[in-house]
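As a plain string of letters, each chain reads:
There are 2 protein chains.
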Amino acid sequence: MSGAVSIEITSRDGEARAGVLHTPHGSVPTPTFMPVGTKGTVKGLTPGDLENIGAGVVLGNTYHLYFRPGVEIVKEAGGLHGFSRWGGPMLTDSGGYQVFSLAKTRKINEEGVEFASVYDGSIHAFTPEFTTRVQEDLGADISMVLDECPPPNAEREYHEASLRRTARWAERCKAAHTRESQSLFGIVQGGLFPDLREESLSLTTDIGFDGYAVGGLSVGESREEMLSMLSLVSPNLPSDKPRYFMGIGDPVGILEVIRLGVDMFDCVLPTRLARHGSVLTKDGRMNLKNAMFRRDFSPLDSECGCEACSEYSRAYLSHLVREDELLGHRMLTHHNVHFVTELCREAREHISAGDFEGWMENFKRRFSGGE
Amino acid sequence: MSGAVSIEITSRDGEARAGVLHTPHGSVPTPTFMPVGTKGTVKGLTPGDLENIGAGVVLGNTYHLYFRPGVEIVKEAGGLHGFSRWGGPMLTDSGGYQVFSLAKTRKINEEGVEFASVYDGSIHAFTPEFTTRVQEDLGADISMVLDECPPPNAEREYHEASLRRTARWAERCKAAHTRESQSLFGIVQGGLFPDLREESLSLTTDIGFDGYAVGGLSVGESREEMLSMLSLVSPNLPSDKPRYFMGIGDPVGILEVIRLGVDMFDCVLPTRLARHGSVLTKDGRMNLKNAMFRRDFSPLDSECGCEACSEYSRAYLSHLVREDELLGHRMLTHHNVHFVTELCREAREHISAGDFEGWMENFKRRFSGGE
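For the protein sequence lines, the chains are D and U, in the order given.
First residue of the first sequence: 1, per my numbering; consecutive thereafter.
First residue of the second sequence: 1, per my numbering; consecutive thereafter.
Next comes chain D alone, as it looks inside the complex:
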């Protein structure tokens, strides 16, 4: 535990909390959405675009970067910051999630996990020590312990054994971690079993990390199940440490996890929706391939001040999206990342004002009344 990253809570509203995340690459107001820069780039956007959007922490995927371009190249470039030229805070995952979700063949044992690369089928082994070292070489401000994210439909016995092994791996990650300018976060697993979630929480917090993530949710279970698990875990995490919910990016979901005290979250949804021609607005999702937008000369989102909304019409963006033009992908990505970033800013304001709950209910009502 290096203490490189810390959180300062400045206001609370119920379980929801607003504050500031301090990192070696700057401070970020929380709650904060972290755009996913899978291979060292947030689809089509420059670091300058991300700065204009007001993005805070940018996430990199260790699994992908390990294979492409390879960790040695990123290290030689001065880490992910030097390589991608993003000067703000960064977080890398351990690669575990991709190992478990992408690999067709994998063997897990106490030592770690052996798997076939999704790129060329070659065999690789990730151990807690190895992914810790790789992440130190990538050099993000926050690194994550190697965990197993079991299939949502796995048996209780599997989850029990898995979370205990994940805790032993977490301990090995902590022992292996040496980079002073980088923090290491633990991950709470346990599937949809309340007592297993509690056990994982207690094992993980006993080890002690600079921050804690809740993993293994938003992977196919119902929204009620997800929130019920999160509400067991989140309030019982150390209140002086940042809380990271892994893998949520839909606007309503973001507000629901914020309501339960989460500070950070990431998801490919805003960027992936953009690549499929969909944008987020307060009135819901909107697919620009819909014929109704072909002659709609109003801005994408009249309440939004982003580059896409202040410059172009729906008709033009719809044309770009239909024709698979790069500028369409770029502008829609820009808007969607801006939208969730602004949503977090508003959430912070309403937490400070003490009216988060009512504001959130209004948002949900209007949003789900959309398309």
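Hints in this document: simulated from the structure, not taken from any laboratory.
No incorrect hints appear here.
With a Cα cut of at most 25 Å, we get these calculated DSS-like pairs of lysine-lysine:
hint: 1; chain 1: D; residue 1: K241; chain 2: D; residue 2: K174
hint: 2; chain 1: U; residue 1: K241; chain 2: U; residue 2: K174
hint: 3; chain 1: D; residue 1: K282; chain 2: D; residue 2: K364
hint: 4; chain 1: D; residue 1: K289; chain 2: U; residue 2: K75
hint: 5; chain 1: D; residue 1: K75; chain 2: U; residue 2: K289
hint: 6; chain 1: U; residue 1: K174; chain 2: U; residue 2: K107
What the simulated footprint calls covered on chain U by chain D, stretch by stretch (three residues with Cβ under 8 Å from a Cβ of chain D suffice, anywhere in the stretch; the number is not a length):
hint: 7; stretch: 65 to 74
hint: 8; stretch: 310 to 323
From a predicted model like this one, the values you see are computed outputs, not experimental measurements.
Beta carbons are placed, not taken as given, at the ideal position from N, Cα and C, and that holds for glycine.
Fit chain U to the supplied structure of chain D, relying on the hints for placement.
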């Protein structure tokens, strides 16, 4: 002839000339490379990017815009300027080149040309009057007459009949043209036959246009043949009108046509090369997929001040290109358009300084010594 667009020649060096093209959407120093915004967008770049690059005239393709999104939509948006939000000068071609190069089936007669759309096979007819009206609706500063660009290997008899029909079409375009804020340029054809080039030149200048293009070259003939035809035509065009060479974008070719007195030229080459991972530098073309760039942390082009070169390393851009990341296409396009734009700026300086020829020979020597 509306006179909306005019040229002011400020210096000459041999046949080469430097000046300023005046249009209703601003003035552009010439010689100038015109980036191609096929469907109302220059692949991945915003109007703001083009402004930063220093781009002058942006070209739109009538054929593609007629089908996608359709001219009515562009017209309703306030023309190509309103639709794409590019505030500078624009030029549209007549669509003829695409009709002749893309259509599998087409029937040409005195009236015009009937062809099957490359998008859905539906049958359409372009006449001189029709393409003039479509271009008036698109509303660029410069529109082009409908011409036939015959296959390079066509017989002399075909070229002869074709250039005469093209001249009759040009006359009909001029008669049909009414938009005061838009100029109409004629096009000289005639294949590789010196006397036919002369006949086409004389027929076209007799009709009288605001500017003249040289068409039907750079379509498969040798560079020597191309330049020999251009050297017959260019110096005999009215010296007080802009001269546009259609379809050249390789750096050496650009300088060779500038040397013969051309003021404007366009080509998809810089943007197409970028999509294939290649960049232009003074040392020649460079393909970033080449393994030697994987660990090359120097800038793309150390003599270039564009966004791609001042921000990123070859290693990072090579990674983006290999992974087919949008940011890679965007940055390489940015650099290549910047490169040819800067090349034109330098050419203007050397025309003014009176040492164009020597500078061009040095450039050619260094450029062809590259990859």
